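Peer 1: So the chains spell out like this:
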Amino acid sequence: MSYIKNRWYCAAWGHEVVRDPFTRTLLNEKVVLYRTEQGHPVALSNVCPHRFAPMHQGRLRGDDIECPYHGLRFSPDGACALNPHGSMIPPGLRLKSYPVIDRYAMVWIWMGEADEADPALIPEFPAHDDGGYKTVGGMIPVKGSYQLVADNLLDLSHTQFLHPILVVPDDPETRVEHDILQDGDTITTIYNQRNTRPFGFTGLIWPDAPERLDGLSGVRWDAPANMLLKLHFVSRDPGDDRELRIWGAELVTPETETSCHYFWSASRNFRLDDDVFGQQLGDAIANVFRFEDGAMIAEVQANMGDETDLIAMRPVILPTDQAAIRARRIVGKLLRAEQNRKGEPKQVMAQL
Amino acid sequence: MSYIKNRWYCAAWGHEVVRDPFTRTLLNEKVVLYRTEQGHPVALSNVCPHRFAPMHQGRLRGDDIECPYHGLRFSPDGACALNPHGSMIPPGLRLKSYPVIDRYAMVWIWMGEADEADPALIPEFPAHDDGGYKTVGGMIPVKGSYQLVADNLLDLSHTQFLHPILVVPDDPETRVEHDILQDGDTITTIYNQRNTRPFGFTGLIWPDAPERLDGLSGVRWDAPANMLLKLHFVSRDPGDDRELRIWGAELVTPETETSCHYFWSASRNFRLDDDVFGQQLGDAIANVFRFEDGAMIAEVQANMGDETDLIAMRPVILPTDQAAIRARRIVGKLLRAEQNRKGEPKQVMAQL
Amino acid sequence: MSYIKNRWYCAAWGHEVVRDPFTRTLLNEKVVLYRTEQGHPVALSNVCPHRFAPMHQGRLRGDDIECPYHGLRFSPDGACALNPHGSMIPPGLRLKSYPVIDRYAMVWIWMGEADEADPALIPEFPAHDDGGYKTVGGMIPVKGSYQLVADNLLDLSHTQFLHPILVVPDDPETRVEHDILQDGDTITTIYNQRNTRPFGFTGLIWPDAPERLDGLSGVRWDAPANMLLKLHFVSRDPGDDRELRIWGAELVTPETETSCHYFWSASRNFRLDDDVFGQQLGDAIANVFRFEDGAMIAEVQANMGDETDLIAMRPVILPTDQAAIRARRIVGKLLRAEQNRKGEPKQVMAQL
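Chains as they are written, first to last, in UniProt numbering: chain A, 1 to 352; chain B, 1 to 352; chain C, 1 to 352.
To be clear, the hints were calculated from the coordinates, so they are not data collected in a lab.
Treat the hints with care, as some may be off.
When chains are identical, the list treats them as one kind, so a pair holds in a single copy or across two.
Said to hold, decoys possible - Below, a list of computed lysine to any residue pairs in the SDA-like style, where the Cα atoms sit at most 25 Å apart:
{"hint": "1", "residue 1": "LYS30", "residue 2": "ILE311"}
{"hint": "2", "residue 1": "LYS30", "residue 2": "LEU93"}
{"hint": "3", "residue 1": "LYS230", "residue 2": "PRO76"}
{"hint": "4", "residue 1": "LYS30", "residue 2": "ASP309"}
{"hint": "5", "residue 1": "LYS230", "residue 2": "GLY218"}
{"hint": "6", "residue 1": "LYS134", "residue 2": "GLU177"}
{"hint": "7", "residue 1": "LYS342", "residue 2": "LEU204"}
{"hint": "8", "residue 1": "LYS30", "residue 2": "ALA298"}
{"hint": "9", "residue 1": "LYS230", "residue 2": "GLY71"}
{"hint": "10", "residue 1": "LYS96", "residue 2": "ASP77"}
{"hint": "11", "residue 1": "LYS30", "residue 2": "LYS143"}
Nothing here was measured: the structure is a model prediction, and the numbers come from that model.
Next up, chain A with everything else stripped away, as it sits in the complex:
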């Protein structure tokens, strides 16, 4: 399997990246993450080019990281700063350095061509920085391809079957709206449940909910798999203008071909100062992702064996899969574009 390289991926929550180096595998590459004395994030290959030792077990020397095995030191730009066994530094002795940036409380990494790492390409997750919201979040390791997580979020109709807390009760008045919008390579799905009675999740977040309400859900997807989840609840009573909003950043970064890091958040516009509630909300959402979605995706991946391309297994396609299919087409298009570009020099030579 190949990965889209020239896009931003979430590497970590900002608070995870501290002075003490730690390692994470991203797109099958082992990366070490730490911060400089000034607080800037650094991402380097975690594999020393000398004897393949794991850099994250080494000490920081100022902003440089020291190999734990033979003491070679590397700067944040990857250059070897010191060979303690002689004055000579062999040419080519460097670690791969990755562009990284702090934004929206996350550390974003660019695994492709460094000179194309334009921060403007990071999709927007403004609630993380918005004083009108309070955010909880975390990261869930998932034993399945990152695309299976995107499939999951791009078809919210599964909530009626997989998530007891999200099941909307049978009611003749309730009406589902489902739509898919596409703007360039950005896909937005809508999954509104109009005129429902309160149910498990609204019971948790809205104890004094009105008798009838609208659940307005949706997902904005950008390649490779950075998603914004909307879970808003509005009173149906025209005299009741209450509206509970939860925005979620759902950022899925491949670890290996059959596993991924699933960064999630929930930013709420209500009960901002109630940290106990915030913890309960976070636990409820994390449990849904971990024990229901995550477990299901792991089972699906297990049923796929080592195959990573769901489409290659010729699944039966339902109308509800349309957004996921479109997202996979965009990923395929971007992958082919990267592969063609790698082929360019050859093509030029062929033209001469």
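Assemble chains B and C onto chain A, guided by the hints.
Peer 2: Below, chains B and C alone, put in the same frame as chain A:
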């Protein structure tokens, strides 16, 4: 490795298959097993053709099973009965359904061509249904090819080395009879130990055994690996007509190429109402199978690596291996017959 | 990966090989080790040629070993001594037998051509038998290629980074001497730290050490990876002739391509009768090997994936790697010589 498809395999003990669906891998296929409201066993593929979700985690809706991920419902015959996301059911949306039948307290499954699933082909294990016997039994997962378990049972001479409780003491009067009979594709081995003194196992089941007795053992084998084990003990005293009979169903069903489900039973004609003794007898037999035969077979498989065909590894063959060799030849013959049949349409076309 | 076959490897500590058979995988071959009634070591294939049962689970019958599954008996020379199921012993029914010898308190094994197993080829480790020394030792399983352990010992400059207890304090007077000598296929490295102050390790072994001392270290390497480690400490005071010597046998035997058995010892010329100190010294050394070197080598192997040839991964080479590179060249040369020899008959035929 390929498996014989057009034969009955034991899928489960009858009491294992209840309303609550459960999954078992048989011949490398993931199967879900449950019972209808009327109590009939159902066996379907456990992999939803939509998103490859594990069906056994879904709920039953009457006799239908509902996919736990997106709620598709399938009938016992495998047809999709409901698509909750629209009226349309895509053509070809079905689960593979397997013929299953309750017989001799077991659920038997046919993994091949459904129209050839003739119940008359199931070998007979009448003691399970015979009021003159009391049966205990279980299932032991074995980390070895199903054929290694058959090899084990088809050469009972190993009992003198592997099973302390079955070792017959050295005695100049004792005489071993060993024979092999074949009737069509059914092989029967005989391993009688004549004129022995009581030993460990007879001490357990026959505390007042006579001073000299005959141990009459044997195995009837039918392809792929459904065996009937005989362990009978008869007094040598002409005035003592006591005879303790144990019949065992030893039904070995491949799970993967290097693991299998070993269903075993012990049906006794004595101490029928003594359930404490029945438990002791069952534990003794299960421990012999699990910790001696099963452990040995796992070691043998480990020494074979990923190889599943013992013969391909060119073992030294002893005269005591003759029954096992014949059984492997019959399996090979049946496999080739199935493979040739698959080739038929091609051959017909070649003749035109 | 191929292994040098026609060299002596350490199979076990002498005291590990007793009457009770045990198994160890050496060069990817499963071997059973035991002693005859006379106390001579025996090494045979652990895989019975009949049904591939693990011989080490069998009983000894005098000097013969009995297969635990069907009771075949084999003599120390590998010949089948008894088939309990008939008088006939099939031709070719034997276990591979390996030359083994007790020397320097270790059992050495020859995995290649038996008629070339010349004990004079075993490198010397005389301190194990020298009354002026007291030896402690053990074996550490390492999850890395045996050559990575040799690399580790052939470049002792890593001690300054990996081993806190061995770090010599910064001191302007301290001077490092590093040299490499080669005599035929034997490599000797020197790593002396002259005029240091006492540090962690000398604190442990030499509480009344002088204020300034020389640490004289070095490694003698013989193919495939049998090493003699020198760790001597000498007072710098001309009137103080104290010298603490530790010799270590560091014998590395491949288990699989990516794991090895690391036999180590420490023979000291001081505090000979202090067994409590001997235990402390052994624990300190074992912990350094196990938790620092061994753990690092496992990380390096993990970073190499399934690759076993470090050089094939094109590491950056430092001057301190020179001894390790030379050792790998000698291994390569010996491997090619063995492979060419195997090819001889073919070449002869081609010449005819």
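Peer 1: State for each hint whether it applies.
Peer 2: Evaluation of the provided hints:
| no. | hint | in the structure |
| --- | --- | --- |
| 1 | LYS30 with ILE311 | between (28 Å within a copy, 20 Å between copies) |
| 2 | LYS30 with LEU93 | within (18 Å within a copy, 41 Å between copies) |
| 3 | LYS230 with PRO76 | neither (37 Å within a copy, 39 Å between copies) |
| 4 | LYS30 with ASP309 | both (23 Å within a copy, 20 Å between copies) |
| 5 | LYS230 with GLY218 | within (5 Å within a copy, 66 Å between copies) |
| 6 | LYS134 with GLU177 | neither (28 Å within a copy, 61 Å between copies) |
| 7 | LYS342 with LEU204 | neither (51 Å within a copy, 59 Å between copies) |
| 8 | LYS30 with ALA298 | both (22 Å within a copy, 16 Å between copies) |
| 9 | LYS230 with GLY71 | between (48 Å within a copy, 23 Å between copies) |
| 10 | LYS96 with ASP77 | within (8 Å within a copy, 56 Å between copies) |
| 11 | LYS30 with LYS143 | both (17 Å within a copy, 19 Å between copies) |
Comparing the model with each numbered hint stated earlier shows that hints 3, 6, 7 do not hold.
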